[in-house]
Each structure stands twice: as C-alpha cells, then as structure tokens.
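Kindly generate the complete structure, drawing on both the sequences and the hints.
Sequence positions in the sequence shown follow my numbering and run 481 to 726.
Some clues are possibly wrong.
[Unchecked claim] Quick list of the computed label-pair ranges, beta carbon to beta carbon: (1) M624 with I595: 22 to 28 angstroms; (2) W521 with T687: 35 to 41 angstroms; (3) F694 with R561: 27 to 33 angstroms; (4) V529 with I652: 31 to 37 angstroms; (5) R534 with I691: 35 to 41 angstroms; (6) T687 with F565: 29 to 35 angstroms; (7) L537 with I691: 31 to 37 angstroms; (8) R536 with A625: 36 to 42 angstroms.
None of these hints come from the bench; they were simulated from the model. Cβ coordinates follow ideal geometry from the N, Cα and C atoms, glycine included.
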Amino acid sequence: MAETTPTLFTDITETFRNFTWTNETEEAGDGLQPGGLPPGWTWEAILYVVFLLRMRLWLGFIGLVSNVMAFLIQIKLKSYRKTQFMFGLVLTVSEMFYLFAVLAETYYYYNEILIIPKVYQAIALATNLLALFSIIGVGVDRYMALCAFPFKYKIIVTVKRYAAVIVGLTAISILYGFVFTQFFASDDPVVSQRIFIVLSVLLFITTVTYIGLFSHWYEHSGTPNWVTQSRRLECNKPNGCCSRLV
Numbered sequence: 481m482a483e484t485t486p487t488l489f490t491d492i493t494e495t496f497r498n499f500t501w502t503n504e505t506e507e508a509g510d511g512l513q514p515g516g517l518p519p520g521w522t523w524e525a526i527l528y529v530v531f532l533l534r535m536r537l538w539l540g541f542i543g544l545v546s547n548v549m550a551f552l553i554q555i556k557l558k559s560y561r562k563t564q565f566m567f568g569l570v571l572t573v574s575e576m577f578y579l580f581a582v583l584a585e586t587y588y589y590y591n592e593i594l595i596i597p598k599v600y601q602a603i604a605l606a607t608n609l610l611a612l613f614s615i616i617g618v619g620v621d622r623y624m625a626l627c628a629f630p631f632k633y634k635i636i637v638t639v640k641r642y643a644a645v646i647v648g649l650t651a652i653s654i655l656y657g658f659v660f661t662q663f664f665a666s667d668d669p670v671v672s673q674r675i676f677i678v679l680s681v682l683l684f685i686t687t688v689t690y691i692g693l694f695s696h697w698y699e700h701s702g703t704p705n706w707v708t709q710s711r712r713l714e715c716n717k718p719n720g721c722c723s724r725l726v
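Written out as structure tokens, the structure reads:
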C-alpha cells in the first residue's frame with residue numbers, strides 16, 4: 481500500500497475530530513472548551529475556516545469548468561498547431577489537473593478521511609510548476625517573435641522544437657513533484673523553503689521577460705503612423721533605396 485502523508489486538511493480534520501456542536505461543557509478531560517470548541521479556537525475562526533473551504537470548492541469548480549471549456553475551444557480551433565498558442569494549451573491542461581487535485585483533496589477532507597494520498601499533493605506541485613513554465617514560455621515566445629529575431633522567428637521556432645521543449649518541461653515538473661513528495665513529508669520545513677525558492681526564481685524570470693516585452697512595445701509605440709508609411713513609400717520607389725525594413 482502506498483505511503484501517505486498528512487496535509488493541511490488532515491491537520492484541520494484532526495483538530496475537529498472530537499468537535500461537538502453543543503452548548504454543553506465537556507468535563508471528560510478531553511481538553512475541549514465550553515461549547516465543545518477545541519483549545520485555542522473560537523466560533524469566528526471556525527466560520528472563517530468553513531468559509532475558506534467552501535470558497536475553495538466553488539472557485540475550484542468554476543476554474544475547472546472554465547479550463548475545460550478553454551481546452552475544448554483550443555482543440556476545436558486547432559490553435560495548438562501554431563507555435564504562439566502551444567504554451568497556452570499547456571497552461572490550460574496543467575491548470576485542469578491542478579484544480580482536479582485540489583478538489584480531490586477537499587473531497588477527502590469532507591468525507592472525514594484523515595490520510596490523503598500523496599499523489600494529489602504531487603500532482604498539485606507538478607502542475608503548479610508546469611503552469612509557471614508555461615507562462616514563462618508564452619513570454620519568451622513573444623519576446624523572440626517581437627524583439628530577438630522577428631524575421632527569423634518562423635525559421636528558428638517550429639512546432640516540433642516547441643513540442644520537444646514542452647515534453648522536457650513536463651518531465652521535469654513531474655519528476656520534481658513526485659520525487660519531492662516521496663522523500664519529504666508535507667510538514668517538513670524544507671518543503672516550504674525549497675518550493676518558495678523555486679517559485680520565486682520562476683516568478684522573477686517571468687517578471688523580467690514581460691517587463692522586457694512591455695519596454696519593447698513602449699519604445700516602438702511612440703513612432704507615428706505617418707512616419708512608418710512614408711518610410712514604406714520611399715522603399716517602394718523605383719529608384720529608392722531602403723536601408724532597413726520597417
């Protein structure tokens with residue numbers, strides 16, 4: 481039988497395991513406060529936790545349905561055959577699996593199952609990492625198409641090359657998610673530290689990439705249209721000479 485590990489929902493379940501919705505004072509020495517409240521908890525805190533869990537369910541369900549619809553639209557339009565949309569498809573698929581893992585974990589909690597299988601934690605970690613890779617991929621793709629080599633983009637960037645990159649990123653994400661959760665328990669301090677470092681690095685790369693795109697757009701957005709048109713007309717003259725493409 482596969483080894484399992486507690487998660488945040490397991491801790492909450494353990495806290496409320498002996499909880500009773502009564503106004504009677506417990507005197508059996510079980511440590512409960514008057515009214516059946518666990519030590520250190522208030523009614524406001526309980527309502528807040530319940531609110532967060534219900535919001536998690538609703539938002540997860542809405543997000544899953546939205547991503548499924550986006551996936552079907554992309555398949556119908558066959559946009560995945562174009563390089564500029566390939567990372568967008570990967571982002572949609574990774575978000576679908578991430579939300580599935582979140583909803584499955586919540587389902588275990590509401591059914592009072594104290595031990596949640598590690599596979600859901602691994603899927604959530606792997607797909608979260610793959611989603612960030614996809615966001616970076618979209619930014620890098622647009623940077624290459626608009627800034628780095630716009631005239632050689634279609635020659636250098638091909639569907640097969642992007643497919644190989646996506647397969648590699650998917651393999652890295654899966655290995656990271658499943659190997660990491662296999663050797664470290666979810667409550668190990670090293671888990672949060674390493675995840676924070678990895679996500680911080682990826683977010684930094686994403687931010688720098690999109691700042692570069694915005695800067696390039698801002699620099700070229702100030703050129704008046706009449707200047708661009710006059711340059712094109714001059715290039716099209718019979719005896720005209722155009723030193724650069726516009």
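Exercise for review: Enumerate the violated hints, using their earlier numbering and listing them in ascending order.
Suggested key: 1 and 6
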